[in-house]
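Chemist: Model the full structure from these sequences, guided by the hints.
Position 119 of the sequence shown, counted from 1, bears residue number 547 in the numbering used here, the numbering being contiguous throughout.
Incorrect hints may have been included.
BS3-like cross-link-like pairs, simulated, lysine-lysine; straight-line CA separation at most 27 Å [as the list claims (entries may be wrong)]:
no.: 1; residue 1: K551; residue 2: K447
no.: 2; residue 1: K444; residue 2: K551
no.: 3; residue 1: K444; residue 2: K556
no.: 4; residue 1: K456; residue 2: K444
Pair ranges (Cβ atoms, derived) [stated by the list, open to error]:
no.: 5; residue 1: I567; residue 2: I494; range: 41 to 49 Å
no.: 6; residue 1: Y496; residue 2: T561; range: 42 to 50 Å
no.: 7; residue 1: C472; residue 2: F520; range: 25 to 33 Å
no.: 8; residue 1: F479; residue 2: I567; range: 37 to 45 Å
no.: 9; residue 1: L475; residue 2: V509; range: 19 to 27 Å
no.: 10; residue 1: D525; residue 2: P487; range: 17 to 25 Å
no.: 11; residue 1: S482; residue 2: W524; range: 34 to 42 Å
no.: 12; residue 1: K456; residue 2: V485; range: 41 to 49 Å
no.: 13; residue 1: F479; residue 2: R440; range: 23 to 31 Å
no.: 14; residue 1: I528; residue 2: Q466; range: 17 to 25 Å
no.: 15; residue 1: K444; residue 2: F537; range: 32 to 40 Å
no.: 16; residue 1: W524; residue 2: L475; range: 33 to 41 Å
no.: 17; residue 1: R440; residue 2: Y496; range: 33 to 41 Å
no.: 18; residue 1: K551; residue 2: A476; range: 14 to 22 Å
Because the hints were derived from the structure by calculation, they are not lab data. Backbone N, C-alpha and C fix where the C-beta goes; we use that ideal spot for every residue, glycine too.
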Amino acid sequence: RWMQGHTDCAIRYLPKLFKKAFKEADLKAFDCAIYLFQPIRFICFGLAMLFSWSEVVYPAAPFYIIGYAFTNEVWSVIVLVQLLFGPLVVLFDKKWDMKIILGFFIYPFYCFTWLPVTIAGIKDAGRKEWIHTRHTRDISIDEVERL
429 RWMQGHTDCA IRYLPKLFKK AFKEADLKAF DCAIYLFQPI RFICFGLAML FSWSEVVYPA
489 APFYIIGYAF TNEVWSVIVL VQLLFGPLVV LFDKKWDMKI ILGFFIYPFY CFTWLPVTIA
549 GIKDAGRKEW IHTRHTRDIS IDEVERL
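Modeler: And the structure:
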């Protein structure tokens with residue numbers, strides 16, 4: 429339901445927010461637009477991943493030609509920077525512990541769980557019926573922080 433509403437808002441407000449952000453140099457509008465762009469970004473990266481995998485199955489078919497834009501060495505550096513950026517930020521921030529290290533390994537699997545949610549949200553973005561979610565637990569912020 430959350431992704432359905434998120435996608436509906438993206439469809440209705442994303443162009444207006446980007447226009448306002450660039451026309452008026454409004455950073456708040458730009459921040460909101462970037463946030464609303466996430467379902468679209470997720471689908472684009474998913475399609476890019478499928479195109480990459482298609483080259484493994486059909487190596488002679490030029491589905492995904494961006495791989496030819498740089499040499500293998502340049503792509504290796506790009507991938508290395510992407511993989512090391514998060515851990516280096518945490519290391520320099522001096523917040524390094526085992527839970528954070530574990531999080532870096534678990535996070536990619538967590539991201540895959542959003543695939544069906546995002547697809548369902550995009551598919552049902554126009555549907556306006558909402559089912560109320562009852563929240564029956566009362567948890568304090570202290571209990572959440574102990575987890």
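Chemist: What hints, given by number in increasing order, does this structure fail?
Modeler: Of the numbered hints given earlier, the structure breaks just one, which is hint 10.
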